[in-house]
Amino acid sequence: MPKRTLILGLGNPILGDDGIGWRVVEMVQPFLTDAALEADCLAVGGLSLMERLTGYDRAVLVDAIKTGKQPAGSVSVFTLSDLPDLQAGHLSSAHDTSLQKALQVGRLSGAHLPEEIFIVTVEVRQVCDFSEQLSPELQTALPLAVRQVMEILRQGVDFPNS
Amino acid sequence: MQRISIDPITRLEGHGKIEIFLDEEGEVANTYFQIPELRGFERFCVGRPVEEMPLLTNRICGVCPEAHHMAAAKAADAVYHVDPPRPAKLLRELLYSAFFFADHTTHFYALAGPDFIVGPDAPVAERNILGVIHKVGLETGGKVIQARKFGHLVVEMIGGRKVHPCTSVPGGLTKGITEEQRQQIEQMGRWAIEFARFSLQAFNDIVLGNQAYVDLILGDLYTHQTYSIGLVNEKNQVNFYDGKVSVVAPDGERIGKYAPNEYMDWIAERVEPWTYLKFPYLKKIGWKGFVDGKDSGVYMATPLSRLNAADGMSTPLAQEEYERFYSTLGGKPVHQRLAIHWARLIELLYAAERWVELATDPEITSDHVRIVPSEKPTEGVGIVEAPRGTLTHHYWTDERGILTKVNLIVGTTNNYAAIQMSTRKAAQSLIHRGQVTEGLLNRIEMAFRAYDPCFGCATHTLPGQMPLEVTIRDARGEMIETIRQFC
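Protein sequence lines, in the order shown, are assigned to chains V and G. Mapping the first sequence onto my numbering, position 93 (from 1) lands on 123, and the numbers just tick up by one. Mapping the second sequence onto my numbering, position 99 (from 1) lands on 106, and the numbers just tick up by one.
The set of hints was computed from the structure by calculation and includes no laboratory data. Ideal placement from N, C-alpha and C gives every residue a C-beta, glycine not left out. Please note: incorrect hints may appear among the correct ones.
What the hints assert, rightly or not - Using C-beta positions, here's what the derived DEER-type ranges look like:
1) G:280 to V:169: 51 to 61 Å
2) G:132 to V:59: 54 to 64 Å
3) G:187 to V:100: 44 to 54 Å
4) G:280 to V:177: 46 to 56 Å
5) V:184 to G:185: 20 to 30 Å
6) G:232 to V:166: 33 to 43 Å
7) G:53 to V:166: 49 to 59 Å
8) V:100 to G:39: 43 to 53 Å
9) V:100 to G:218: 29 to 39 Å
10) G:187 to V:68: 20 to 30 Å
As the list claims (entries may be wrong) - For lysine to aspartate or glutamate, the following EDC-like pairs were computed, each having C-alpha atoms within a straight-line distance of at most 20 Å:
11) G:285 to V:159
12) G:150 to V:81
13) G:412 to V:68
14) G:264 to G:302
15) G:290 to G:269
16) G:291 to G:302
17) G:251 to G:90
18) G:156 to V:64
19) G:285 to G:26
20) G:142 to G:193
21) V:99 to V:70
22) G:169 to V:68
23) G:339 to G:299
24) G:251 to G:279
25) G:412 to G:386
26) G:251 to G:272
27) G:290 to G:279
28) G:96 to G:193
29) G:142 to G:163
30) G:96 to G:368
31) G:156 to V:81
32) G:301 to G:330
33) G:169 to V:81
34) G:169 to V:159
Whole structure, please, built from the sequences with the hints as guidance.
Structure below.
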């Protein structure tokens with residue numbers, strides 16, 4: 031039986047490069063012909079994100095990341111366990127908890143939640159200015175991130191950054 | 008001078024930062040709570056049709072988009088000089104009550120709970136929602152998830168989609184609800200009342216039953232004598248969706264009430280050189296600095312201030328709790344900031360009761376949910392109570408309804424001055440001779456966590472790491488120690 035998979039763009043679509051996750055997923059969506067694959071975009075983390083993941087076997091999250099350690103537009107892939115269990119970022123809601131803890135809460139409550147969670151990230155610089163436009167670096171990264179998501183869906187994860 | 012930095016704040020939205028400056032003796036000289044501001048929202052809005060605002064503003068914030076949706080819808084009503092029909096107002100308030108219920112539930116179990124149920128000095132690794140669930144019982148976790156689910160379902164039924172509703176338009180709503188939906192909503196609301204009572208009972212048993220917590224709440228450490236504001240109905244009872252903003256002095260005297268379009272007569276904003284955010288204060292009282300008292304224009308806009316600014320609650324069970332609250336804490340108004348958590352639970356019960364009240368109104372399934380605007384658009388203000396404080400949207404348009412100017416005063420901004428004061432007072436009381444421990448830092452954070460401040464609001468990127476960082480500098484500004492811990 032195919033794994034029920036959710037591809038989820040995270041971030042704020044009106045905050046410039048912060049909305050990269052949404053843009054990537056919008057471009058991925060037309061290629062999703064398999065009924066087991068669903069796509070959506072979300073601007074919430076923590077418990078709300080966990081609630082959206084309920085019922086799926088696998089999830090691919092696409093998000094902006096700001097490490098300051100790689101050029102803007104760099105595309106990386108992580109599993110959830112690669113990322114520190116912290117109380118901020120799009121995976122978390124600072125008004126409730128981190129995704130990792132939210133998943134534990136959900137599982138304790140009997141929810142069916144994905145065992146496999148991949149996070150495709152795109153390095154960004156500036157995310158404090160309202161805009162619907164991506165910066166040139168992020169525009170360039172868009173097809174690379176789309177290809178990365180499609181690769182994960184086709185053959186499991188390939189870690190270009192490892 | 009030594010400098011201690013708590014950066015960023017744990018369990019709070021955005022990349023906030025508290026800087027604590029110590030003097031030669033290692034005592035706290037001053038504190039600064041700084042937050043980054045998202046820029047260019049007004050510029051982003053100008054040139055768009057005003058009816059886009061209920062959809063656009065709910066993207067400002069991933070925490071309370073429903074609040075922005077409602078304030079924007081009410082401001083757009085005002086811009087078009089249209090008063091929505093009663094069924095539309097009932098439905099909007101019903102959606103809003105369910106949203107408040109879900110939001111207050113989350114705050115209590117995920118943010119207040121770690122401090123008051125797990126304990127303020129418990130290890131960091133346990134001070135989270137999982138720690139709370141382990142303490143109060145596994146089935147409570149399921150109830151919290153259920154409470155959020157019910158709240159979101161009502162938002163979806165009336166608002167068209169979860170989290171980011173889209174049905175409020177100038178003059179009302181794009182759709183009503185069916186009788187079948189009404190019955191479901193009523194049923195969920197009745198469950199919500201029982202859950203709110205369970206939560207108040209848990210607070211009563213675990214927090215009020217523990218003398219150490221009672222002392223913490225009632226102590227001077229977290230007390231400030233400021234003005235209180237909050238939306239009230241014609242009977243001066245708390246209302247989240249509509250009414251006038253009541254302003255009550257530190258001694259309990261109501262100095263007035265203002266309608267949304269009068270807010271500029273009451274609220275002014277102070278600029279400080281060390282932060283981009285402005286500090287709103289009461290114009291009629293004036294800015295006297297970050298100080299308590301009747302002569303200082305500093306005010307708070309929180310669940311506690313809403314209770315202080317009102318004469319009571321409009322629903323019976325919440326009214327009983329309101330009376331118990333003030334009789335336990337020694338009368339009105341209450342100034343102990345940690346009582347905000349208790350006040351939030353009373354509002355939780357009110358939200359649930361109001362939910363059922365609205366769901367059983369004979370007009371709630373009416374099809375008459377919109378009056379199509381016919382007046383020329385000009386200017387309008389919309390005010391609702393967001394969970395974190397009074398939310399004001401003010402729009403100006405040209406004769407085509409195209410925005411020419413936008414001004415927002417969001418819930419947390421109201422409390423910015425009060426948060427500064429609370430943070431400084433806690434730091435001054437808890438840090439002596441440069442001695443800082445993790446437990447003390449958490450108690451300083453508790454001073455502003457009660458306000459549940461929300462600044463950047465779900466708009467920040469996934470970080471490489473989000474440490475709680477403490478930097479201690481000597482009198483010459485040289486860094487002598489950095490402590491990091493992950494939360």
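Here's how the hints hold up against the structure:
For residue 280 (chain G) paired with residue 169 (chain V), a C-beta distance near 37 Å fails the hint of 51 to 61 Å. Checked against the hint of 54 to 64 Å, the C-beta distance between residue 132 (chain G) and residue 59 (chain V) comes to roughly 39 Å, which is inconsistent with it. At about 53 Å, the beta-carbon gap between residue 187 (chain G) and residue 100 (chain V) stays in the expected band of 44 to 54 Å. Residue 280 (chain G) and residue 177 (chain V) have their C-beta atoms about 48 Å apart, which keeps the hinted 46 to 56 Å range intact.
One distance hint, 20 to 30 Å for the beta-carbon pair residue 184 (chain V) and residue 185 (chain G), is violated here, with the actual separation near 43 Å. Checking the proposed 33 to 43 Å range against residue 232 (chain G) and residue 166 (chain V) shows it is violated: the Cβ atoms sit about 53 Å from each other. For residue 53 (chain G) paired with residue 166 (chain V), a C-beta distance near 25 Å fails the hint of 49 to 59 Å. A beta carbon spacing of about 32 Å between residue 100 (chain V) and residue 39 (chain G) contradicts the range 43 to 53 Å that was offered as a hint.
Hint check: residue 100 (chain V) to residue 218 (chain G), Cβ distance near 53 Å, so the stated range 29 to 39 Å is violated. The hint said 20 to 30 Å for the Cβ distance between residue 187 (chain G) and residue 68 (chain V), and at roughly 27 Å that hint holds. Proposed proximity of residue 285 (chain G) and residue 159 (chain V) is supported: the alpha carbons are some 18 Å apart, at most 20 Å. For the given pair, residue 150 (chain G) sits about 14 Å from residue 81 (chain V) by alpha-carbon distance, which is consistent with the 20 Å threshold.
Of the supplied pair hints, the one linking residue 412 (chain G) and residue 68 (chain V) is violated, its CA atoms being roughly 40 Å apart against a limit of 20 Å. For the given pair, residue 264 (chain G) sits about 18 Å from residue 302 (chain G) by alpha-carbon distance, which is consistent with the 20 Å threshold. Of the pairs offered as hints, the one joining residue 290 (chain G) and residue 269 (chain G) holds, with about 12 Å between alpha carbons and a cut-off of 20 Å not exceeded. The suggested pairing of residue 291 (chain G) with residue 302 (chain G) holds, with an alpha-carbon distance near 10 Å, which does not exceed 20 Å.
Taken as a hint, the residue 251 (chain G) and residue 90 (chain G) pair is honoured in the structure, with Cα atoms around 16 Å apart against an allowance of 20 Å. Restraint check: the Cα-Cα separation between residue 156 (chain G) and residue 64 (chain V) comes to about 29 Å, which exceeds 20 Å; the hinted pair is violated. Among the hinted pairs, residue 285 (chain G) with residue 26 (chain G) is consistent with the structure: their alpha-carbon atoms are about 18 Å apart, no more than 20 Å. The hinted pair formed by residue 142 (chain G) and residue 193 (chain G) fails the criterion: a straight-line CA distance of about 31 Å is larger than 20 Å.
Straight-line distance between C-alpha atoms of residue 99 (chain V) and residue 70 (chain V) comes to about 29 Å, which puts the hinted pair past the 20 Å bound. About 17 Å separates the Cα atoms of residue 169 (chain G) and residue 68 (chain V), which keeps this hinted pair within 20 Å; it holds. Of the supplied pair hints, the one linking residue 339 (chain G) and residue 299 (chain G) holds, its CA atoms being roughly 17 Å apart against a limit of 20 Å. At most 20 Å may separate the alpha-carbon atoms for a hinted pair to count; residue 251 (chain G) and residue 279 (chain G) exceed this at roughly 29 Å.
For the hint linking residue 412 (chain G) to residue 386 (chain G), the alpha-carbon distance of about 9 Å falls within 20 Å, and the restraint holds. As the CA atoms of residue 251 (chain G) and residue 272 (chain G) are separated by approximately 14 Å, the hinted pair is consistent with the 20 Å bound. Note on residue 290 (chain G) and residue 279 (chain G): the hinted pairing holds, with a Cα-Cα distance of about 17 Å set against a maximum of 20 Å. Between residue 96 (chain G) and residue 193 (chain G), the direct Cα distance comes to roughly 17 Å. Compliance with the 20 Å bound is thereby established for this hinted pair.
For the given pair, residue 142 (chain G) sits about 32 Å from residue 163 (chain G) by alpha-carbon distance, which is inconsistent with the 20 Å threshold. Restraint check for residue 96 (chain G) and residue 368 (chain G): the C-alpha separation of about 12 Å stays at or below 20 Å, so the hint holds. Of the supplied pair hints, the one linking residue 156 (chain G) and residue 81 (chain V) holds, its CA atoms being roughly 9 Å apart against a limit of 20 Å. Between the alpha carbons of residue 301 (chain G) and residue 330 (chain G) the distance comes to roughly 25 Å, so the proposed pair goes past 20 Å and is violated.
With a C-alpha separation of about 11 Å, the suggested pair residue 169 (chain G) and residue 81 (chain V) falls inside the 20 Å cut-off, and the hint holds. Restraint check for residue 169 (chain G) and residue 159 (chain V): the C-alpha separation of about 26 Å exceeds 20 Å, so the hint is violated.
Against the hints set out earlier in the document, violations occur for numbers 1, 2, 5, 6, 7, 8, 9, 13, 18, 20, 21, 24, 29, 32, 34.
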